[in-house]
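Chains as they are written, first to last, in numbering that gives the first Met the number 0: chain B, 0 to 321; chain R, 0 to 321.
Hints listed in this document are in silico derivations from the structure and should not be mistaken for laboratory results. A virtual CB, placed ideally from N, CA and C, is assigned to each residue, including glycine. Take the hints with a grain of salt, since some may be wrong.
Computed footprint of chain R on chain B; a stretch qualifies when at least three of its residues, placed anywhere within it, have a C-beta under 8 Å from a C-beta of chain R [claimed, not checked]:
1) 93-101
2) 105-112
Far from chain R by the CB rule (all over 12 Å, computed), these chain B residues [to be verified]:
3) 49
4) 85
5) 130
There are 2 protein chains.
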Amino acid sequence: MSAADNLCKRRVVALCGGIGGAKLALGLSRLLGGDLMVVVNTGDDFDHLGLAISPDLDTVMYTLAGLDDPQRGWGRRDETWTFMAALAALGGETWFALGDGDLATHVERTRRRAAGETLSAVTADFCRRLGIAARVLPMSDDGVRTRLRTDAGWLDFQDYFVRRRCAPRVLEVTYDGAASARPHADVLAALADPRLRAVVICPSNPFLSIEPILAVAGLREAIAHAAAPVTAVSPIIGARAVKGPTAKMMSELGVEVSATAVARRYRDLLDGYVLDRADAGEAAELGIPVTAAHTLMASLTDREELARQVLASADALTKATA
Amino acid sequence: MSAADNLCKRRVVALCGGIGGAKLALGLSRLLGGDLMVVVNTGDDFDHLGLAISPDLDTVMYTLAGLDDPQRGWGRRDETWTFMAALAALGGETWFALGDGDLATHVERTRRRAAGETLSAVTADFCRRLGIAARVLPMSDDGVRTRLRTDAGWLDFQDYFVRRRCAPRVLEVTYDGAASARPHADVLAALADPRLRAVVICPSNPFLSIEPILAVAGLREAIAHAAAPVTAVSPIIGARAVKGPTAKMMSELGVEVSATAVARRYRDLLDGYVLDRADAGEAAELGIPVTAAHTLMASLTDREELARQVLASADALTKATA
């Protein structure tokens, strides 16, 4: 751990989607505090009931602030649901569940965006007020929309994910607006910083969480040119996804459901890969150092321990190339 | 009661503001059901946190639906406040309390208005869904804003009423937009209907609730020309207002604080006046039939009984002029 200790003042940039990635981001934030920058997928963002909703940003924010609901896996703990019950009585749309406390995030963000603040500025202020030391940034302040071509036609992400519960067969995924969306200047600066310690691709759905981030104009290139090692963590354990439609989508899109197949999607960027011990036999073909770890992050200790191993493996890559 | 019974199929139009007026509207609605049309002040409406809020419409709607909070006197019963607590943590504006269930009304109304529905259409649908038999209409679908010139300058209504708790001294009250606001066609039709049974001016603040309604272009004239008797109910009992700033404002505006002084403000419209037994000695000078009643509506029985007396007094006027 001495290499890591020597490097502990240097920044780590993590790319992350919702719940799976947020768990590792929490582990990293407990080790790194303000030295962590989390770049979060906003391809799932949508307008609902006139409110600007950023599901992955909120999941990361609630998780880092200790406000997340550990049972449900989304939204806030100690939540109440009076709004939804009253909305149902008025004939409003109830397919997307909004808790009463969660609503404050959406209402206040919508108000500030309408007043001209950027999504990154609103996010930074929310995180500061919630006592989050890490820097949390949307992948872009420009709108990007993940859309899916399915056997039920083209669908917006939330329509597919929440309303239709991932039932349609996915044939193609696009990130509308990504080609003209700009990454935040601070993200580009962090990636270009020679003191950058590591780039960590969190264990999130490649199609829905990581690739929208990499599709933002210039971001993939900035990561490829970063002086620091780039390490990804597999969201697949033993040919299954921990949560969500990752495995189903991989299969529908003709991608082998395996930790190795996920790594292959960003192979050009990767200097190292962390996968589950269950998959330790895999991935020799990737031709990069592979670390086997316990990747199912059930407890806070698991999250910190995985974060520690991810950083150690990245630091070992730095040492090896130094 | 035979006159009233004979007339029970004919419509009553009530003008009303917030809580005081809503109590009588509830009494009337229990006697009249679908034969009651309630025309509600919208001069207090405002945009807050990006939401379109109509406090008097909501008070009337919640009261008629049995959803009102009888203790607090505003908002909904069985309310939760998770939103406000979360909003405070995010640095949002918390001077105007919005309950979680109440929020559904504002969010859904704002969404439907943005989609092009009129305030009256949204209100009608909400009332239908909440099982309200009476027809509830905003005084206009066009925006009217009650503003107050005070010793603290010109103030928007909610700034004066909620944020400053009615502390500034009121020098003048205006209804911006009223001169160009149009009444709803159904209100004009009801007032012009020869079968109209009565117009009831509920016991609401004259400056803040009734006069904004009467200021809507053509509405005062339509009431004056109605074939039915016009009866007002005093919001003043023994030189005091039951609730709110009515007495303080009357005094600041140089108006005597009395039931008679309220009646004098609409004297040209009135065919009869109902005041409290405590003020029974007053109002002979008005030159119209005056009915003394128990006007403090503490219980549901009180509300129904006052409504019965108001209707009986109006019906007596009809009989007298018939």
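Each hint, compared with the structure:
1. 93-101: holds (count 4)
2. 105-112: holds (count 4)
3. 49: 5 Å, violated
4. 85: At roughly 4 Å from the nearest Cβ of chain R, residue 85(B) sits no farther out than 12 Å, so the non-interface label is violated.
5. 130: It is violated; residue 130(B) is separated from chain R by about 10 Å at its closest Cβ, not greater than 12 Å.
Of the hints listed earlier, those the structure fails to meet are numbers 3, 4, 5, in rising order.
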